[in-house]
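Residue numbers (the numbering used here), protein chains in the order written: chain G, 1 to 273; chain Z, 1 to 312.
The hints are simulated quantities; they were obtained by calculation from the structure and are not laboratory data.
Each residue gets a CB set at the ideal place from its N, CA and C atoms; glycine is no exception.
A couple of the hints might just be wrong.
Computed beta-carbon distance windows for the label pairs [unchecked claim]:
| hint | chain 1 | residue 1 | chain 2 | residue 2 | range |
| --- | --- | --- | --- | --- | --- |
| 1 | G | I246 | Z | L218 | 42 to 48 angstroms |
| 2 | G | D56 | Z | S127 | 57 to 63 angstroms |
| 3 | G | T19 | Z | E10 | 39 to 45 angstroms |
| 4 | Z | D89 | G | G163 | 19 to 25 angstroms |
| 5 | G | S7 | Z | W80 | 55 to 61 angstroms |
| 6 | Z | P176 | G | S7 | 34 to 40 angstroms |
| 7 | Z | L227 | G | G163 | 53 to 59 angstroms |
Derived coverage of chain G by chain Z (criterion: at least 3 residues anywhere in the stretch with Cβ under 8 angstroms from a Cβ of chain Z; other residues may be distant) [what the hints assert, rightly or not]:
| hint | region |
| --- | --- |
| 8 | 11–22 |
| 9 | 65–71 |
| 10 | 164–172 |
| 11 | 185–194 |
| 12 | 202–214 |
| 13 | 247–255 |
Among chain Z residues calculated to face chain G with C-beta under 8 angstroms, some are [claimed, not checked]:
| hint | residue |
| --- | --- |
| 14 | L16 |
| 15 | V100 |
| 16 | L134 |
| 17 | L218 |
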Amino acid sequence: MKKTGLSPFIIACLLFGFTFLYAPIIMLIIFSFNASKLVTVWGGFSTKWYFELMHDEQILGAAYLSFKIASINACLSVVIGTMAAYALVRYGRFRGRAIMIQSISSRLVLPDVILGLSILMLFVSLQNLIGWPAQRGVMTIIIAHVTFSSAYVAIVVQSRLAGLDRSFEEAAFDLGAGPFTVFRTVTLPMIAPSLVAGWLLAFILSFDDLVIASFASGPSATTLPMVIFSKVRLGINPEVNALATIIVFAVAVGVIFAGGLLQRQSDTRAGGK
Amino acid sequence: MQVQRASLAEQIMGGLARIGITGRRIVIGVPLIWLMVFFLLPFLIVLKISFATQLIAIPPFSPLFVWTDGSFLPGLHIDWSNYQYMFSDSLYIKAYFNSVQIAFFSTCICTLIAYPMAYGVARAPESWRNPLLLLIVLPFWTSLLLRVYAWIGLLKTNGVINNVLLTLGIIDDPLPMMNNAFSVYVGIVYSYLPFMLLPLYASLSRLDFTLLEAASDLGASKARAFLSITLPLSLPGVIAGAMLVFIPAVGEFVIPSLLGGTGVTMIGRVIWDEFFSNQAWPVASAVAVTLMMFLVVPIMLYQHFQARTETR
Chain G
1 MKKTGLSPFI
11 IACLLFGFTF
21 LYAPIIMLII
31 FSFNASKLVT
41 VWGGFSTKWY
51 FELMHDEQIL
61 GAAYLSFKIA
71 SINACLSVVI
81 GTMAAYALVR
91 YGRFRGRAIM
101 IQSISSRLVL
111 PDVILGLSIL
121 MLFVSLQNLI
131 GWPAQRGVMT
141 IIIAHVTFSS
151 AYVAIVVQSR
161 LAGLDRSFEE
171 AAFDLGAGPF
181 TVFRTVTLPM
191 IAPSLVAGWL
201 LAFILSFDDL
211 VIASFASGPS
221 ATTLPMVIFS
231 KVRLGINPEV
241 NALATIIVFA
251 VAVGVIFAGG
261 LLQRQSDTRA
271 GGK
Chain Z
1 MQVQRASLAE
11 QIMGGLARIG
21 ITGRRIVIGV
31 PLIWLMVFFL
41 LPFLIVLKIS
51 FATQLIAIPP
61 FSPLFVWTDG
71 SFLPGLHIDW
81 SNYQYMFSDS
91 LYIKAYFNSV
101 QIAFFSTCIC
111 TLIAYPMAYG
121 VARAPESWRN
131 PLLLLIVLPF
141 WTSLLLRVYA
151 WIGLLKTNGV
161 INNVLLTLGI
171 IDDPLPMMNN
181 AFSVYVGIVY
191 SYLPFMLLPL
201 YASLSRLDFT
211 LLEAASDLGA
221 SKARAFLSIT
231 LPLSLPGVIA
241 GAMLVFIPAV
251 GEFVIPSLLG
261 GTGVTMIGRV
271 IWDEFFSNQA
281 WPVASAVAVT
291 LMMFLVVPIM
301 LYQHFQARTE
311 TR
């Protein structure tokens with residue numbers, strides 16, 4: 001058995017850090033089973049908030065809408081993000097490369113409020129100028145979400161593409177395959193795990209987003225985070241606790257699934273050498 | 001069968017190539033045009049609207065270019081009053097100052113918590129590393145809104161932490177931990193901790209720890225070895241992580257509006273309120289443009305050090 005080499009101080013820091021990260025999530029889960037309406041006082045075990053959640057039309061409708069937006073957004077983001085990653089890794093210097101790199105990395109850090117405000121101003125100006133989009137709703141939210149989540153996909157796919165062994169693609173080219181065939185039959189299977197990870201990331205980013213969606217949306221579309229925000233602004237709400245617990249478990253399953261995929265990806269990369 | 005389909009696709013690509021649309025042009029063009037139209041153009045429009053005059057109309061601002069009869073070129077209608085208004089009202093100055101201050105100290109606290117954690121993960125036995133990393137990213141994948149909301153239940157006057165402390169007899173009166181700067185700090189440090197941890201881990205895990213053994217063989221103390229080897233080599237990770245926390249934290253909206261109450265004004269909230277409550281689009285745009293100006297330098301720093309963390 002190898003010694004861990006971790007000092008007690010480091011172990012204490014790790015324990016403190018992980019407690020800090022997980023305490024609120026564990027609180028949410030515990031209190032979602034609380035019978036009392038006073039959310040911070042324990043009143044016995046109950047699943048009634050889950051039952052009420054299942055009959056809350058507003059939350060269910062918003063959840064369905066968010067799910068739909070997040071799925072479409074994730075698919076579009078994977079296509080556009082992968083194109084950007086491919087261009088950055090494989091095409092060397094091209095016109096617009098600097099713009100692409102700068103925009104992708106600044107989208108990762110820019111505050112949501114700025115992104116949301118600016119894309120809404122674009123929609124309003126376009127509407128005045130060419131009459132499109134006629135009204136804001138699902139489509140404008142999707143456009144706004146693709147704009148920021150494709151940047152995350154590009155980063156994930158880029159690191160996978162950059163670490164790829166190019167000899168397989170070169171062999172396929174030598175055997176006379178066209179670039180599209182090479183991409184479809186050689187490159188695509190090799191970057192597939194990062195595409196799945198990117199898809200999940202784009203889905204989650206869209207599903208969680210409150211600020212950008214609030215700016216980009218019109219009166220016709222209310223997403224799940226908007227409903228949650230309007231509810232929790234008024235104080236603690238046990239139904240939201242139940243909803244949070246369901247989301248935490250769904251996300252945990254998704255992340256462990258994606259973690260397994262990426263693990264396999266790094267294993268095959270190490271094995272290929 | 002599959003060969004035939006592939007060749008059909010190649011034929012379509014070949015046909016497109018003959019009219020000047022090559023695969024290369026599509027792959028570069030689609031993301032680039034998307035970026036220009038939906039990311040860069042909007043900033044120009046915000047800049048334009050920040051110089052417009054507030055009107056009671058749809059949309060509620062004046063046009064930038066005014067065509068008058070008889071003149072060939074449009075007249076430029078630039079209105080500086082939004083900026084003058086912003087800099088003359090102490091509300092905005094205070095909000096900027098508050099935001100930068102809160103973001104700065106949150107970044108410092110994040111670094112202090114994240115550094116030993118990232119170091120621990122990087123030096124943990126091989127088989128522990130991936131599970132630990134998974135534990136770090138798991139909260140990041142869970143809704144930020146819900147995790148921030150969870151802190152309300154913990155921090156309120158009659159919340160979980162106060163109840164536990166009162167029951168244990170450690171305090172006699174509940175601590176005021178909610179709707180003040182403290183709760184905003186907790187929320188920001190908590191939400192952005194993974195953003196600091198990941199780049200720090202990336203730079204620390206690539207560090208050659210035999211250098212530390214060499215230093216101790218040569219008689220350097222642990223502190224000396226840390227200050228002259230570990231810290232300088234991980235500095236690009238620290239700065240990339242710091243910018244990844246600082247820049248979005250300055251414009252944070254969700255955390256101050258859920259945890260900050262009315263006492264803590266941050267600039268993200270000001271933009272939101274000007275826009276949604278006051279319908280003051282030109283003022284909101286001017287505030288956003290000024291915020292962007294603040295963030296240009298940190299963003300350039302981030303891009304510089306991010307590139308250095310990623311080059312292997």
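(message) Of all the hints numbered above, which does this structure not satisfy? Sort the numbers upward.
(response) 1, 2, 3, 4, 7, 9, 10, 11, 14, 15, 17
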